[in-house]
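> Guided by the hints, dock chain S onto chain L, whose structure is given.
Protein chains in written order, with the numbering used here: chain L, 1 to 161; chain S, 162 to 412.
Any given hint could be a false lead.
Unchecked claim - Example chain L residues on the side facing chain S (calculated, C-beta under 10 Å, incomplete):
{"hint": "1", "residue": "62"}
{"hint": "2", "residue": "63"}
{"hint": "3", "residue": "65"}
{"hint": "4", "residue": "69"}
{"hint": "5", "residue": "70"}
{"hint": "6", "residue": "74"}
{"hint": "7", "residue": "114"}
{"hint": "8", "residue": "118"}
{"hint": "9", "residue": "124"}
What the hints assert, rightly or not - Pair by pair, the computed Cβ-Cβ distance ranges are:
{"hint": "10", "chain 1": "S", "residue 1": "283", "chain 2": "L", "residue 2": "88", "range": "27 to 33 Å"}
{"hint": "11", "chain 1": "S", "residue 1": "402", "chain 2": "L", "residue 2": "60", "range": "51 to 57 Å"}
{"hint": "12", "chain 1": "L", "residue 1": "112", "chain 2": "S", "residue 2": "244", "range": "34 to 40 Å"}
None of these hints come from the bench; they were simulated from the model.
Every residue gets a Cβ at the ideal spot worked out from N, C-alpha and C, and that includes glycine.
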Amino acid sequence: MNRTFTIIGLFLGLLVELCSSSAAQEISALQPVIPPAARGERCVEPTEVMRRDHMKFLLHQRDDTVHSGIRGAKHSLVGCIGCHVQTDPQGAAIAVNADGQFCESCHGFAGVSIDCFECHASVPADGQIKSQTNGQASALPQWMSPPALSMAKGISPGSVP
Amino acid sequence: MSGESKALADQSRRRFMAKTGAALAVGLGAGVRFIDFPNAHAATGPVSQAQRWGLLIDADKCASGCNACVQACDDEHGIRDHGRARTDAQWIRKVRVRDNTSGREVSLPLMCQHCEEAPCVEVCPTGASFRRADGIVLVDKHSCIGCRYCMLACPYKARSFIHENLKDQKPWSPRGKGTVESCNLCVHRIDEGGGRIPACAESCAREGHGAMVFGDLNDPASPIAKAMGEQPSQELRADLELNTGVRYQNI
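Excised from the complex, chain S in its bound form:
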């Protein structure tokens, strides 16, 4: 290559570099990024111990014939019965409590009590039963092997085993055969933020009973903490010292 043509080639290379640089600068200036993610939203969480979610249930306000909370739970989580009452999944059920001496009867909804010292978590061999930092007791169905130790350990009979193949599950509530499940306090609603409350409490309020108050037990300003401060409340089977997240009044 002659000296002249080399000089020309160099010039042309310089021009190319200059143009590319300018194009790159314009591109970057216009907000074009090499790696661009469509996710402009911030993810929520992680949850922390700052909150402890709980429910306060006033048995006096709970109407004996009303099943709205159970229905709302079934609708929210896509729970359908198979006509086999003994084995059908049930996250929440209505219980009638009767004092044999006085004859006084109250009705109350019973579900996972979201214990601090949860026996189900204690006995789970795979770590599938766990307690989230904010106090919600859950089953990680990815690790659940369906052994049902947790169902035996639970003093509240709150858990169900899924015997059937399921279909048409709700996207926010994955459920499937061979795993154990129970009330998750509508964790998808809580994680969503914006003050959404569990479906059962929502339906109870909608029915005008207002027997279920949901909130953060750690926040003294929350309605649940205030209500618990004003009136005595109790844990079911307080003798087991499980420190439940679900409390009852007027039983």
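Okay, chain L solo, but in the shape it has when bound:
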């Protein structure tokens, strides 16, 4: 009796393992390759929520900001860019909507155009970000959204010029 259960159990386990690994391979081939956030410890919302609802957050906050002057709330486009912008080997920021970059990788995959960057800056203020290795992000300006600042590793708001 016990042996039968063990054998069935092993078989089921093997089946599940096989299925999951092949499924995982299939998914990775079908999903966009999204560069990881370069700065910050975690996102302002869980990843699943951001994937589904980031545009709702941005839309809501942009109206608050433009019409009511509410700045520094957590769903800020500038905050997104502050953490997700990648840098080239020289340390210069690469636009988040450039090929293979954070915004474009997903939007290109889904076939959804991004209008944001026709008007909004796609790199942080002066286009230069210090390399991640020294943990500095002195290019972030003071006015930039507080979430980005508080999340940035190894800097305190006081160290930002």
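Just chain S, lined up with the frame of chain L:
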């Protein structure tokens, strides 16, 4: 299942619950929250009618050859010219006013006058032109369709239409083709708080002219309200009764 093994299972379940509870209590006690947001800062605003932001420009102090305010505005908002003076964006410009009888000439900067009864707001078909509670007249470029009615309505010729694709915009000043724009009193600086003043007024002070005073017209203790209380000031085109936020002296 025998009675004995059921009792064992119950015990084991109780132990598990007790351990989990303790772990949870320790976790919560150590400040771990299930939902934790990295945003430790308070957001600013919303703006209110308690303030009304304005500028007081003393034409006597404004130097005729000086263009510092225009340059500062261009730098602050990333405004670049395309060599087409008639259509290039211009948020602030220097104007020379001459009295034909006396020959007296003064120079003054002219920008959006941030009217209380703003004609641009009145005519906008989409609600993109609006007046913020604190008196700053803005364009919500998300709703602007580029019809340019506001440009026709503005008696000060303060607005510009963007004809070109733009790049390298400033993060604090989004601008783009197909929308109308004008002086926003450096609203990002005002919202930031801490007494930052618009780039034009800052540069004027830096140049040593001090012809532009920025402040809250509703606050009797503010430098702008004091200066207006001491010396007569005027609105441009006062006959239109727009109650402008930008006032002039010694024209």
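> Run every hint past the structure and note whether it holds.
Hint check:
Because the beta carbon of residue 62(L) sits about 7 Å from the nearest beta carbon in chain S, less than 10 Å, this interface hint is met. Taken as an interface hint, residue 63(L) checks out: its beta carbon lies about 8 Å from the nearest beta carbon of chain S, inside 10 Å. Taking 10 Å as the C-beta cut-off, the interface hint given for residue 65(L) holds, the closest approach to chain S being about 8 Å. Annotation: residue 69(L) was flagged as interfacial toward chain S, and the flag holds, the nearest CB pair being 4 Å apart, inside 10 Å.
About 4 Å separates the beta-carbon of residue 70(L) from the nearest beta-carbon of chain S, less than 10 Å, and the hint is met. Here the hint on residue 74(L) is kept, as its CB sits about 4 Å from the closest CB of chain S, short of 10 Å. Annotation: residue 114(L) was flagged as interfacial toward chain S, and the flag is violated, the nearest CB pair being 13 Å apart, outside 10 Å. Taking 10 Å as the C-beta cut-off, the interface hint given for residue 118(L) holds, the closest approach to chain S being about 5 Å.
For the restraint placing residue 124(L) at the interface with chain S, the shortest Cβ-Cβ distance is roughly 7 Å, inside the 10 Å limit, so the hint holds. Between residue 283(S) and residue 88(L) the CB atoms are about 48 Å apart, so this pair departs from the stated range of 27 to 33 Å. A beta carbon spacing of about 37 Å between residue 402(S) and residue 60(L) contradicts the range 51 to 57 Å that was offered as a hint. Against the hinted window of 34 to 40 Å, the Cβ-Cβ separation of residue 112(L) and residue 244(S) comes to about 36 Å, which satisfies the hint.
The structure shown violates the earlier hints numbered 7, 10, 11.
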